[in-house]
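K.L.:
Residues per chain, in single letters:
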Amino acid sequence: MNVIVCVKRVPDTETRIRIDGSGGKIDPAGVKFILSPYDEFAVEAGLRAKEAAGDGTVHLVSFGDAATQETLRSGLAMGADSATLLVGEPTIDGLATAKVLAAELEGADAPLILFGVKAADDDQQQVGPMVATILGRPCVTGVSSFEMADGKVVCHREVEGGTEVVEVDLPAALTITKGAYEPRYASLKGIMAAKKKPLEQKDAVAADARLRVVRLAEPAPRSAGRVVGKGPDAVPELVRLLREEANAL
Amino acid sequence: MADVLAFAEQRDGQIGGSAREAVSTAARLAGSLGGSAHALVLGAPGIEAQSGDLGRFGAEVVHVGQHDALGEYNPEAYASVVAERIKAGGYAAVIFPATTLGKDLAPRVAAALDVPLAADVTGIEADGGKVSIVRPVYSGKAFAHLEVDVSPVLVSIRPNVFQATESGAAGRVETFTPDVDAGAFRIRVVDRKGASDGQLDVAEASIIVSGGRGMKDPENWALLERLRDAIGSGAALGASRAVVDAGWRPHGEQVGQTGKTVAPKLYFAVGISGAIQHLAGMRTSQTIVAINKDPDAPIFSIADYGIVGDLFDVVPRLADEITALKSGD
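Chains as they are written, first to last, in this note's numbering: chain W, 2 to 250; chain A, 1220 to 1548.
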């Protein structure tokens, strides 16, 4: 079974973010970029779906700058078969990104298109369901595990205060969250093989961004408060402060 | 048109805090734009009875779409009905709650209408007819100030950030029966299980009791559950990435950049040292309390109040004190 996984290159979640001189972007100096963690779950999910089916391919698609090649190679090293890089500059307008991806995926011969539930940079949780809407595919979001069954997919998802089992007809799109798909480590053999796997690069069919960042700002500084005391004897004073000063209890 | 629509979510037939926050936010924005606020409720027949209450939170008109197939959330049905109502109403802006449901629904509606969506925003205001938006990026390590070129402006708002304010006025309820063909759904919910203990989701809780590696063992969560129960309604458990990765707690509870970004009124960080990606996910909490035996733990650098000590002594005492406080109310 053919699976397409859409992935994004993002700053490492452990990275400190600095805003550049223009005030509208982050300063990439010293920032390590990675395959967005949720997209890694999606790649793992795609590989397992292919393995369970016993045939087919896992193809990666990303919209990003030329350096995204490196990110795609890391997905190929995990075991994906091929990749397409749509070269361009994604913005905060997730719909513009979705249009770029949808233009590439239109008519794709893959019953399943997978996404990470969100990108670790913009964290908008929107590109997957937007692509699906444009393509006319049903989409289930926040899937923690799924099984293929006779023309449909049975998805398990986390919802407020519980879990849900959802059935969706194929062809479908799913967005994957942390759950059953702990990503495999790329083996040395996988890393070597990835260098030879097909990675097509072409210019993205750009869509205008209609939602724009005017400026980026540092979060309001949060200064250290006070240590109320040591050990359980400090508890009554803490409770008093929470009630009378912070008005939080 | 300068009217603003709020999508008011119902869950199990109950209209909750996220709906009131969306409606009040819509009312404030509509006020700046010179229009009025409308609310949209979708549910099973009968949901009408509760919907009028949204008027008190600022909705001049409450549109109530009732259909047997809308009692439970179905993304296809909801997206098509909501997109249709937005088109018909000619709104200047639409506010969704950034709950699990809102985050699933809003992008579908945005794509159907071909307008961008600013998700999980923490600020929205209008000045001279122009709407400006603020939202966290990199899970709160920075804030992006946004402008949008098209109408309607679509946003989802982070729970607990925007105030629900009672205006006292009564809204006018207008019911309608949407055209929904449940037989054509390509997505079907076949089973739904509540959380084993029926607790509130961490992203929506007004008070969060979060535990980290300092808890030492998953069994010890009984201590945090006791603290949560002492606080009572509105409280939920959270967890650091370390303990979720260790399999001690479900991912649904994870706070941080690879989990949920939260903004409760009060956040207890218990045995959490404060990795950068955790701090990013909870730093917009109104009040932060840290309990940790290491006085140099980074969590103390952003906590309003800290207790340096053994959590196994401090937390039970805290639960006792809060229980005593509540029973004295």
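Hint data in this document are derived by calculation from the structure and do not stem from the laboratory.
Predicted, not measured: the structure shown is a model, and the values here were computed from it.
Glycine included, each C-beta is placed from N, C-alpha and C at the ideal position.
Be careful, since some hints might not be right.
[As the list claims (entries may be wrong)] Below, a list of computed lysine to any residue pairs in the SDA-like style, where the Cα atoms sit at most 20 Å apart:
no., chain 1, residue 1, chain 2, residue 2
1, A, K1545, W, E245
2, A, K1412, W, V155
3, A, K1545, A, R1407
4, W, K231, A, K1512
5, A, K1545, W, R241
6, A, K1412, W, A181
7, W, K26, A, E1366
8, W, K153, W, R185
9, A, K1412, W, E168
10, W, K196, W, R211
11, W, K33, A, A1361
12, A, K1484, W, R241
13, W, K153, A, R1407
14, W, K231, A, S1492
15, A, K1412, W, G163
16, W, K33, A, A1494
17, W, K197, W, A68
18, W, K26, A, K1306
19, A, K1512, W, R211
20, A, K1484, W, P184
21, W, K153, W, G24
22, W, K231, A, K1484
23, A, K1545, W, K196
24, A, K1306, A, R1407
25, A, K1306, W, R241
26, A, K1512, W, G163
[As the list claims (entries may be wrong)] Residues of chain W clear of chain A, computed beta-carbon distances all greater than 12 Å:
no., residue
27, G24
28, D110
29, D124
30, E201
31, Q202
32, A247
K.L.:
Which numbered hints turn out to be false for this structure?
P.N.:
Of the numbered hints given earlier, those the structure breaks are 3, 8, 10, 18, 19, 20, 21, 22, 23, 24, 25, 26, 27, 29, 32, listed in rising order.
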